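Quick note, the sequences are listed as chains A and B, same order.
With the first letter of the first sequence counted as 1, position 514 gets the number 516 in the numbering used here; the numbers rise by one all the way through.
With the first letter of the second sequence counted as 1, position 126 gets the number 421 in the numbering used here; the numbers rise by one all the way through.
Worth double-checking, as some hints may not be accurate.
[Claimed, not checked] Derived lysine-lysine pairs resembling BS3-like cross-links, with alpha carbons at most 27 angstroms apart:
(1) Lys-320/B with Lys-177/A
(2) Lys-322/B with Lys-177/A
(3) Lys-99/A with Lys-421/B
(4) Lys-250/A with Lys-96/A
(5) Lys-15/A with Lys-297/B
(6) Lys-508/B with Lys-96/A
[Said to hold, decoys possible] Covered, in the sense of this in silico footprint (three residues per stretch, anywhere, with C-beta under 8 angstroms from a C-beta of chain B), are these stretches of chain A:
(7) 45–51
(8) 111–125
(9) 396–406
[As the list claims (entries may be wrong)] Here are some chain B residues pointing at chain A (derived, C-beta under 8 angstroms):
(10) Arg-310
(11) Pro-314
(12) Ile-318
(13) Lys-322
(14) Glu-372
(15) Asp-382
(16) Val-420
Please keep in mind that the hints were generated in silico from the structure rather than gathered at the bench.
Note that the structure is a prediction, hence the values are computed from the model and not measured.
The beta carbon of each residue, even a glycine, is placed where N, CA and C say it ideally should be.
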Amino acid sequence: MEVKKTIENIWPKVRKKHLFPQIPVPEVVEGEEAVALEIKSKQLRISKAFCEKLTHTMKNEDIVEAILDHGISHYMYCPWDFHTYLTLYNEAKKVVKKKDLAQRATSSFVDVVSDTYCVRDKETKIPELYKNIRTTGLNEVLTSLYERIWGFDMGRGRGDERISRLSRIPYLERKRWRESVKKFTTIIQDILEEDLEDEQQENQRGQNPMGEHSLSDYSLEEIDQGLREFAGSVQDLQQFKETLEDLKEELEEQGYASGGMGRGTGNPIDADLLYYMKIAESYTLPIRSLPIEKTGDLYPYSHAPWEVGKPVSHIDVWTSFGKIMPGISQLWKRKEGETYGELEGTPDCLIVIDSSGSMVNPRERLSHAVLGAACACNAYLKNGARVAVYNFSDAFRDNKVIMDFNYEKERAYRSICKYFGGGTALDLDDILYLLVRADNPDIFIITDMQITNLETLIGFFNQIQNRVTAVHLGHNVHSSRFKEGTNKRSNISVFNVKNKVDIPKIVLGQINEYLLSSPTRH
Amino acid sequence: MKNPFEAFHNIGVRRREIPLDTILKSKEETLARILRGYEDLLRNEAKDLVWLMQYSTVIKAYGMAEKRIEELEYTAEDIEEFCYALDRSDQIPYLITGPAGVYISALCNYAPEEEITLNLRDVNVKINLLGYRLPPNKKLVVNGNLGDFSGIGLDGGELIVEGSCKNYTGAGMKRGLLTVRHNLGFNTGHGMTGGEIHVGGRIKGLGKIVGGKIFEGDQLIFPNEGVKPYYF
């Protein structure tokens, strides 16, 4: 059987049927007899051995078309993206608790959804394909389910209570997928466990005939985007952590590390770090544009019709159709260029974060302080500035992290996420050490203000000229004292946050206001 | 000029109706009928959104529930769907757990299946009074926790709870078997005259028990030397 040729023949038809998905031409691999398809970063790979095995029961074109329909439906309908896959996996895991079982349940669910979509909305040979695949265990149950919900005779005729329950799930209602995958997993849980037990006894992993759905289906960019959306949608840090821990090995195999832009195999994935990184990426902080000065240089700004007497050298040949004719030829109008004034670009920033016992441990719960600092860090790095971090609890007992100014996001996040607990005291020498290592950097401090040497800090801030954004969590006497002690300084803005849940928004908004206009007092 | 979307012209979406559509439609219709019955019951039984749990009110509510479901055709899965619907505010105008439990019990007692399994682990609301008057030859298995008055007036059926129940479990039970995998609250078996209650975990307190047997693990805790039958 010439699978490659068959693919070449039917690929245009299949593409058209699925409204021209942006995926490369499928490839043929020798493969296994038991598994029809594997997907790696959108590249469909059809197993030659699988197709050859079925040639005596189905036409070559039908086999290949059905496999392609299945693969493309995953791309076009379910799971659609990595975020959906993670969400479904997370829900399945809540039911079965084990990674392996949750992965199988998710994989089976997305198969049922995408195949059902295809059978209902497209002309496909998928039912015929399933009819001719020999199945056992869970796959046998799913084939019986297909028989029931698609209305094709597949020769199974199994009609037990489980099939009846499975057939009542609204597979094609995307909004109810979370609820549906949970029901689906609950119903098949015992078969999943039985299958796993059998496989352990036989020491051989069972295979989904249509291929397992895994992380390898996605590109690194899709994974990055999916994690960002997933971090924003899960209820708490623990859920994100649990899911990430489960997929850690696969992610690392894919070459994904938590560093975002600086991906590579260098650092192992830190789920906590990644969580804050992904949530912080959802926020953007514009930095104030600095005063603009005229440069004296002229540059092409807009077009105007060319008239006789005006310089021919200023004609834009690209928009003039190659003609020099009044009214048709376009002339470049030039304008004097502008540039930033004395302070060019965005200043570097020193982020000071309190990680004493009174602050939330960012590795246990969502810490709004860490998130606020992470957002500030992102804002400065995105604008090409450097960031330094001073993370402290009782600094005099060496409970501190000092990270010098640099452009490394992951390193900065590691320093921000560090949690010490215990008492709270700042060592001003450390801050002075960092301040002199950049040219008049901004200072961003986030704390609950319950600092033992608060008076020293107030005195210090009153002496310096750097722009200071101070964010404190909740009301207390210390925060009042800080406000009172710094209210005469126009370079210091104090942001008072009443509700911790609102910290990321309020901090971002206030910083925005602060950076875009003159500092306001609260 | 060539229309860039020309290739899409001949691609009409070929949507055929598959049995799944019919199954889901029929499921929605049945659920709507069950919900209407429940709303009728509430209109009659809890006019002021107040329902006082008394022996007489339970009997009256059950009688009404029986009438509401008389002509309904449903399966055990529909009952489970209804329990989930109770959890969703968009489908239920208001939830009063007493009448809801009586109504679900009536649905179970008249369901065509002899064995009913309800997976209620993801239902947030704790349903009270489930298993009321469960008749002989009926087995009701509940995966999840239940509220107060579970299995009251059990009448020969078998109620298995794969979880815990709150207070007054098995109260007024006449005959049958009640198995609770985890724990029970106060006044367990209050006024019970027959049947058996088996508890895998702990019982916080027993009620005034007339007859029957209660086991905590393998240990018979009623009747025994310390706990004698109560005579009303």
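The hints, checked one at a time:
1. Lys-320/B with Lys-177/A: holds, 17 angstroms
2. Lys-322/B with Lys-177/A: holds, 18 angstroms
3. Lys-99/A with Lys-421/B: holds, 23 angstroms
4. Lys-250/A with Lys-96/A: This hinted pair holds, its Cα atoms lying about 18 angstroms apart.
5. Lys-15/A with Lys-297/B: holds, 21 angstroms
6. Lys-508/B with Lys-96/A: violated, 37 angstroms
7. 45–51: Contact hint for the stretch 45–51 of chain A vs chain B: violated, 0 residues under 8 angstroms.
8. 111–125: Three-residue rule met by the stretch 111–125 of chain A, so holds; n is 6.
9. 396–406: Contact hint for the stretch 396–406 of chain A vs chain B: violated, 0 residues under 8 angstroms.
10. Arg-310: Since chain A brings a Cβ to about 5 angstroms from Arg-310/B, closer than 8 angstroms, the hint holds.
11. Pro-314: holds, 4 angstroms
12. Ile-318: Cβ of Ile-318/B sits 5 angstroms from chain A, so the hint holds.
13. Lys-322: At about 5 angstroms, which falls below the 8 angstroms cut-off, the nearest Cβ of chain A leaves the hint on Lys-322/B intact, so it holds.
14. Glu-372: holds, 6 angstroms
15. Asp-382: violated, 11 angstroms
16. Val-420: This hint is violated: Val-420/B lies away from chain A, its Cβ roughly 16 angstroms from the closest one there, beyond 8 angstroms.
Violated hints, in rising order: 6, 7, 9, 15 and 16; the structure is consistent with all others.
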